[in-house]
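Student: Given the coordinates of chain A, work out where chains B, C and D should sit on it, guided by the hints.
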Amino acid sequence: MFFKRQLPIAIAATIGFLTLFGWFVDEPVIKSFVDDDATQWFDILASFAMFLGALNLLKMQALKVVKQQKGWPYAALAIAGFMFSFTAGFILLGSYNVEISQYDDPAKVATVLAAEINLDQKSAENILIAMPEGDTYLIETPYFTKKGADKVVAEINAAGGMANMRATEWGSHISTRGSLFNWMFRFIFTPLSATMFALLAFFVASASFRAFKIRNFEATLLLISGIIIMLGRVPIGGHISAWFILYIVVLALGAGVNSYWKDRTYTLVAVVGGLLMVTIAGFIMGWPVDQPAIFYLPVLQDWIYNNPNVAGARAIMIGIGLGIFATSIRYILGIEKSYIGE
Amino acid sequence: MNGSEIFGAWVAVFLTLGIFSYLYKDNPFYKIAEHVFVGVSAGYWMAMAFWTQVQPNLFGRLWPVPEGEVSGFLMRTWYGVYNAMGWVLPSVFPAGGIDKGHGSDPHFMYLLPFALGIMMLLSVASKLSWLARMGIAYTVGMAAGLRAYAFLNSNVLGQIKGSAVSFVDMPWFSLTGVSVVNNIIILVGTVTGLLYFYFSKEHSGSFGKVTRVGIYFLMISFGASFGFAVMGRISLLIGRFTDLITYGGPTYNHASIWVLLVMIVLLAVWTFKGKEKQVG
Amino acid sequence: MKDKQFWSVAGTIFVLFMIYWFLGHPHFVVERAVMFWAILVVGGVLIYSTRMAQRGEKIFLRSIPGLKAVEEAVGRSTEMGKPVLYVPGIMDMDQVETVAGVVVLGHVAKMTARYETSLNVPVSRAIVMKAARESCRESYLIEGRPDLFHDDMVHYLTDDQFAYAAGVNGIMLREEPAACLYMGKFYAESLLLAETGNSIGAIQIAGTASPSQIPFFVTACDYTLIGEEFFAASAYLSQEPELIGGVKGQDYLKMIAITMMVLGAVINLFHDLGWISWDILGYLTVQ
Amino acid sequence: MEKFLDYIVKAGSLDRRVIFLVIALVVILPLFFPLGLPIRPTNSSQDVYNAVEKLKAGDKALVSFEYGPSTKPEIHPMSVALLRHLFQKDVKVYITCLWPDGQFMAMEALQQVAVNQYDKEYGVDYVLLGYRPGAEAVIKGLVSNIRKVFTVDARGNFLDDIPMMKDVNQVADFDYLFSSSAGYPGTVEWVQYAADPTGVTMSTGTTSIQVNEVMPYVQSGQIVGILGGMPGAAEYESLIGQPGIGTSGMDAQSVAHLVIVAFIIFGNISFFVERRRAKKY
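The listed protein sequences derive, respectively, from chains A, B, C and D.
Note that the working numbering gives residue 51 to position 51 of the first sequence, counting from 1, and the numbers run on in steps of one.
Count along the second sequence from 1, add 342, and you get the number used in the working numbering.
Count along the third sequence from 1, add 622, and you get the number used in the working numbering.
Count along the fourth sequence from 1, add 909, and you get the number used in the working numbering.
In case anyone wonders, no lab produced these hints; they're calculated from the structure.
Here the structure is a predicted model, which is why all the values come from computation and not from measurement.
Some hints here could point you the wrong way.
[To be verified] With a straight-line cut-off of 25 Å between C-alpha atoms, the simulated DSS-like cross-links for lysine-lysine are:
hint, chain 1, residue 1, chain 2, residue 2
1, A, K213, D, K919
2, A, K213, D, K1189
3, A, K262, A, K213
4, D, K919, D, K1188
5, D, K1075, B, K442
6, D, K965, D, K1075
7, D, K1075, D, K1057
8, D, K1057, A, K31
9, A, K64, C, K704
10, B, K543, C, K690
11, A, K4, A, K59
12, A, K4, B, K469
13, C, K704, B, K367
14, A, K59, B, K373
15, B, K367, A, K70
[As the list claims (entries may be wrong)] Just the calculated beta-carbon pair ranges, DEER-fashion:
hint, chain 1, residue 1, chain 2, residue 2, range
16, B, S546, C, K624, 24 to 30 Å
17, A, K59, B, E411, 43 to 49 Å
18, B, Y366, D, M1073, 50 to 56 Å
19, B, W612, C, L763, 43 to 49 Å
20, C, G697, B, A467, 36 to 42 Å
21, B, Y366, A, L251, 36 to 42 Å
22, C, G766, B, S546, 38 to 44 Å
23, A, A76, B, A610, 24 to 30 Å
24, A, I30, D, D999, 38 to 44 Å
For every residue, glycine included, the Cβ atom is placed at its ideal position computed from N, Cα and C.
For reference, chain A alone in the conformation it holds in the complex (with noise of 0.2 Å):
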């Protein structure tokens, strides 16, 4: 019982505490252990659970593969993907270069180099006078197989250059351009993920037809504060002249004074009151597109993103950041156990 539950509790609260007031001392011994060597052991175990989220779905499309579950085919589609990219990770490199070091005739090399990097032989020669005494020529693009740069290796030896045959070193192949892993990245995760992604526009817009409604007031001043942000930081929302606004605000007027007195009377008095003297100041200042500022989209939607914005988001920061500290504290002084499922 001591290892399923008091060694695991002791481990968080002396990691915990060790870790919280490190930030306190700076004597040299335990802030390196702290600083560095504590957050490497972070690191590494952090990369295990990778690991171990990936052996998990493994062993879940396995099962559904073994145990003919519905949509079987599909999961061992998955596990293939997933051998594709262990593959491209691990076992096949996918980037071989070759490298011509120095050669005695051009021409003849050029001709073996020409249908490589298919140019035309001329430019091919030129590459090889233009390149630096002691300096080697890469060719651009690797080769997928070792089979095929050695081929191209042994062919420009055979006309008289001197050329040899570099692999992408394993661990660095992840960022180098042409290896399969980066193949993989560039054409299958990258589309995949971002597509992913990108279908968000789509759901926001029909949530938008169909699911933001106005049901109470505070519902009303998000949608409208909304409205006025995504206005008011693009470009078009300079073009909407300020006035425009000015007499939607005359209608909202009179709609609030309608539902509020129910009278008719008012409401017309309100609504033509309003309109009127919206016209007449307009023709007084000659309509300027900007004035006045405060009706102007991108001005307006600057004032809320900058004072009532920010006091909204800093309430609900302070109060996330008051919660995450109390969390946290439970863990260290072994209260909050449920990561150990209690």
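Tutor: Showing chains B, C and D alone in chain A's frame:
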């Protein structure tokens, strides 16, 4: 534009339109793309975690390249284990040790996180699931220590300092810059917003009115987040369509157009066959 | 001054630190002294209020509308014979919101055990799966229905955010749950889930502290536990003295924060007007 | 009138796919027929520009990439514009990534700006340190000692062999810090574990959705300026006078926003009509 780029463009277009086909309805193309994504992303996370942390910073510290000949029984067995693993996986354990700049003698202290990590992997087997607790306890404990300080410092103290606004040598009101009225709004909004999250008193009577003002400030802030969120989503859609348009160009043999047509035809057939099954 | 033990411990810590301080406080990062005291005071308030709750003192906490809806939602699913879908967010156990999500899950699991409703919990992190599974197993045990619990009630989909959202959408479309509960830390996939939940006509209750996702949950869900209400919810549902004490403690801290803000503004005003020389903002160092 | 109201209520529950089609067209058409609307920078983008303008040649800037392909359209234009501005001023650029995908984004941006446009030399003008898992623990490690987190850079070279890494040991040695972030770990963690403890000037570029979460830091001065989403990127591009992919998306962005606002208004009108009719019967 060599072969692998063009083939890659076609794969990318197929997967992009496969995911977009979800908008029509949940169909085989979407399921294919979804499950390829699930599988590939798991392998991707594993490879990145391994090649950027486990191999350089863990194995690199346990088996650095020794200076000169390995001496002593312990070291010889230690590097004997290494060579055995190197025989099995030469790409991960290159001959002679892993040279990632961690000096030349092994950091045996790193056997501890290595052991915790292995225990986490073993916890995949359900009856050994308790093994992961030590690793979880370490990460949860350390995260608690880091976050307790960071959130109290930047999210609470820093914000209190930001809200202790000043009212001197600034205009009464300005739409763009700092002003007395703006600062009052920030102070009042923050205080009333915080009071909305006050749980020790029922929100009724005059206190209810104060928290009502608080929720209004919160709703304006949520409205701003809403506006920003819509803006972000539209930008991402623009990004996807820009890619599709480039892949529709001649250099990629009009990949987008062809794949779109083929998919529409297949989806129509699939739906039609689907209806026939229901009818027949 | 009821809690003798607490005050004696607090007193000794204070005295010990003073001695250490006057002995020249070796290896102490002096610039962070304000933070050191802030941690001790805030930690002290939290511990004091937790102990107050543990002593069984009556603590009043206001009602949260979103929580009563959770009971209604599970009841509705039982009547319609449809499963309850519970999504504990997409982050790992090191996130406090995920832990709160697992606590709320434990309570929901008690209800589904009592009403014999089927529960479906797709997760996106292996460690969350472990914690959620054990939390559900305990709830079904407490309700005396271990037979109803099976391991795959809590199942793992993928670590990746959007593959997970797509997977959960697939489950919603196939099993058409009557109640969808989203409790935890969410990012952009929240709308995907809420929109699909909307389209199958389920009661949706969300709880999250991620400020950027709350607007969507507020507009597309029937109830939303906003930020702290979500943390208070796990205190409510668990009725554990520590958690309720924690909420009470945070209320005290909010009062302290508000007084510090207002006082800070006032003192800062006096300083700017030249009436006093003490510059409070300089003192409130953020290091 | 009654028939007209029937039509509005029926339209209220329009099939989702019609709305999807409308949004698709609204975004594609401006990409083919650009309107060229002028871009007006807000002062939060101006603050970032001024913060970078203050840097002198030879200063050291730490740029951290925390985004992936799923948020690339919003943040990649910012990173490219910022790198252009930094290289224009001959600032030394050090790049770290807290997201695995960030490493690929950084490689692409460097290829486009450092190699093709400004012909900068790797290891002297810019270095790509690469990705390390561990989120905020990585930042805490960098604040205390970079060489514990990174012993080799993304290409496998040892840090000690890289000339520009000489006497650069921790975050405090940098003159400027910029986080292009799309969520967790990202801007919040950089403020909490790097900017606040070390006091290095920090700006950030975030997805639009994260702007609100970070605004209180901007108001309290913990962050100097913020670029918000693709509009923020377009504003920065116009400030440095090099329009790029951010600017080209702005027309589609504007039109799409107008349509979404119209959807919200129309959706609510049909909601009101429906509710008033329900009250009558």
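Student: Regarding C/G697 and B/A467, is the given constraint of 36 to 42 Å on their beta-carbon distance met?
Tutor: This hint holds: roughly 38 Å between Cβ atoms.
Student: So if I understand the rule, the pair passes when the alpha-carbon distance is 25 Å or less; does D/K1075 with D/K1057 pass?
Tutor: holds (15 Å)
Student: Can the suggested window of 36 to 42 Å be confirmed for the beta-carbon pair B/Y366 and A/L251?
Tutor: holds (40 Å)
Student: Assess, step by step, whether the Cα of D/K1057 is no farther than 25 Å from the Cα of A/K31, and give holds or violated.
Tutor: Within the cut-off at roughly 13 Å; holds.
Student: Indicate whether the distance between the beta carbons of B/Y366 and D/M1073 respects the range 50 to 56 Å.
Tutor: At 52 Å between Cβs, range holds.
Student: Under the criterion that the straight-line Cα-Cα distance not exceed 25 Å, is the pair A/K64, C/K704 satisfied?
Tutor: holds (23 Å)
Student: Can you let me know if the beta-carbon spacing of A/I30 and D/D999 is within 38 to 44 Å?
Tutor: holds (41 Å)
Student: Given the hint that D/K1075 pairs with B/K442, does the C-alpha gap stay at or below 25 Å?
Tutor: holds (18 Å)
Student: Are the Cα positions of A/K4 and B/K469 separated by 25 Å at most?
Tutor: Given pair A/K4, B/K469 holds - Cα atoms ~13 Å apart, limit 25 Å.
Student: Within a Cα-Cα threshold of 25 Å, do B/K543 and C/K690 meet the stated pairing?
Tutor: holds (18 Å)
Student: Honestly, do C/G766 and B/S546 meet the 38 to 44 Å range at C-beta?
Tutor: holds (39 Å)
Student: Is A/K59 close enough to B/K373, meaning Cα to Cα at most 25 Å?
Tutor: holds (19 Å)
The structure is consistent with each of the numbered hints, conforming to all of them.
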